[in-house]
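Trainee: Each chain, letter by letter, is given below.
Number of protein chains: 2
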Amino acid sequence: MREIRLAARPNGWPTAETFEIAEAPTPEPGPGQVLVRNLVMSVDPYMRGRMDDVKSYVPPFQLGAPLEGAAVGEVVASEAPEVPVGAYVVHGLGWREYAAVDAARARVVPAADNLTAYLGVLGMTGLTAYVGLLDIARFAEGETVFVSGAAGAVGSVAGQIARLRGAKRVIGSAGSADKVRHLVDELGFDAAFNYKDGPVRRQLREAAPDGIDVYFDNVGGDHLEAAIGSLRKYGRVALCGAIAAYNETSAPSAPRNLGLAIGKELTLRGFIVSNHNRRMPDFLAEVGPWVRDGRLKARETVVEGLENAPAAFIGLLRGENTGKMLVRLR
Amino acid sequence: MREIRLAARPNGWPTAETFEIAEAPTPEPGPGQVLVRNLVMSVDPYMRGRMDDVKSYVPPFQLGAPLEGAAVGEVVASEAPEVPVGAYVVHGLGWREYAAVDAARARVVPAADNLTAYLGVLGMTGLTAYVGLLDIARFAEGETVFVSGAAGAVGSVAGQIARLRGAKRVIGSAGSADKVRHLVDELGFDAAFNYKDGPVRRQLREAAPDGIDVYFDNVGGDHLEAAIGSLRKYGRVALCGAIAAYNETSAPSAPRNLGLAIGKELTLRGFIVSNHNRRMPDFLAEVGPWVRDGRLKARETVVEGLENAPAAFIGLLRGENTGKMLVRLR
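Heads up: the sequence lines are chains A and B, in that order.
Letter by letter, the first sequence follows residues 1 to 330 in my numbering.
Letter by letter, the second sequence follows residues 1 to 330 in my numbering.
For reference, chain A alone in the conformation it holds in the complex (with noise of 0.2 Å):
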């Protein structure tokens, strides 16, 4: 089988050199496992981080090993009873053809032709843009809110479920004006800029003239900065990611204004799903309807076979997808 190990940690932009695509034996399942065919895997920017040297929420990817990720696969061997061959799983090790995976590390999903769906809107990322909006940002009915990265794939489900649930006014923005048109013609936004037009800061006041309530940041730097700026009193930002500084090597020089949070009594306040798992039921029963009946849209961009995973991933850190970047195995 073949797999996508870190071959050098990126200094700046992760490239071609970053990776390798190795032979390596099909992996045995011990007791208590289950072998896993992978046919989709995830390319997320949090990996960004994971291949950096330094102490996180996550440890850091080993040089000389696979990469990990989130991938769903069917299950073709099995040592633990409970997860026959023939399921279909998702779990985390992606980056591979085949995963010796525990099966208590597996989480069985239903068979089904959108089984990528567990990757993305139906996934951690419809999670994160779950828990991210209503319980780290506190959004609430009537709320104008500001998503950046909003045609990425948490940050399209985090607009969604706000005009969903009854925002005021949902504005997003994006790095083309492709992503703006999906924005506003397709998922329902009432606004939406391309970033790269003009400061955001302007084009964030032009679109929302009356402030904003809410903040989901994907973004961080100058995203965050405007969005404080344009927050009103007692506004709340989740911060999700910060993807503008991924890939630099200085250190960002924005937001200079957080000390307007004293002020207009802002709550800034950082996530990771991961710590919030116990809130995937009540997420699935609201958030799974409306993807069933077609009023909230998951787009996906998906790139056929492992040895391009690697571009996909640099793909995405560039803003080539629209929605959930997904990688097809077979």
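Among the clues, some could well be false.
Here are the simulated lysine-lysine pairs, DSBU-like style, with alpha carbons at most 30 Å apart [unchecked claim]:
(1) B/297 - A/55
(2) B/264 - B/168
(3) B/264 - A/264
Bear in mind the hints are in silico, worked out from the structure with no lab data behind them.
Given the structure is predicted, the values throughout are model-derived calculations rather than measurements.
Chain A is already provided as a structure; the job is to place chain B on it using the hints.
Mentor: Just chain B now, kept in the frame of chain A:
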């Protein structure tokens, strides 16, 4: 009578030209008002913001009009039966020798030889420390707390409340060796450092090698950045003040490490004490006895004479005070 007026809006640091002392007719109390002879007035860092002509949580001071701020005085004439002549009241019309005050906006306090406490440790200043530490930063027993501006009126109370509430370790920063000694020797801080002695980040790391759980921010800037670096998982920041920036004419540099708030799941929350007045009874019930029995100490820096109030205010911004900065009018 005499009053201090705003003569010119400062550009950067206020100077003697910012103020003018003027004669004015002693006001007549209207129905429901009392005439107060001010005895002591407060100068506070937040007043610097009101000197700029910008929208904020309190309206700006008006050019040519007397400044405002907390004061304590004696009622010398009353058109409000509930506040008789001879009562002592705390109110918001300082910077002048006599004020006509709506009785509804005057708080009667017991006549005592420590009237000044109602402007400081037992007034809004102490309440700010109490609310910021307990309600905003949600300090809990056994945690490590860092307070910047720790020898100031708010910081010194915040640090002592943390100690009396069972902090594992209380660390303070201040701007002179004398203040550092005061924090450790008299106020019971476990460690303190002079921020002028070297990078805050390094000094904080040495004082709190295992990190901090709560940061009470009176300073902003590099103090906030250092605290974000030292905060442990689930740490909280009470954003109370940003005195490092109040007199700067360019935007402060960011905390360049705010992205750490994601992985550490930090919460940063700004607050204004005037929205938390409902906590005054709890505050007085808990902190009052500590002040009376000497377990919580509140030093004051008292300047004599209304004519010296501008110098007292500028000195406050320069850190010339230890504890509460007050001006005695008679």
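Trainee: Next, verify each hint and record whether it holds.
Mentor: Cross-check of the supplied hints:
1. Using a Cα cut-off of 30 Å, the hinted pair residue 297 of chain B and residue 55 of chain A is violated, with the two alpha carbons roughly 41 Å apart.
2. Restraint check for residue 264 of chain B and residue 168 of chain B: satisfied, since their Cα atoms lie roughly 20 Å apart, inside the 30 Å limit.
3. Distance check on the hinted pair: residue 264 of chain B and residue 264 of chain A sit about 24 Å apart at the alpha-carbon level, within 30 Å; holds.
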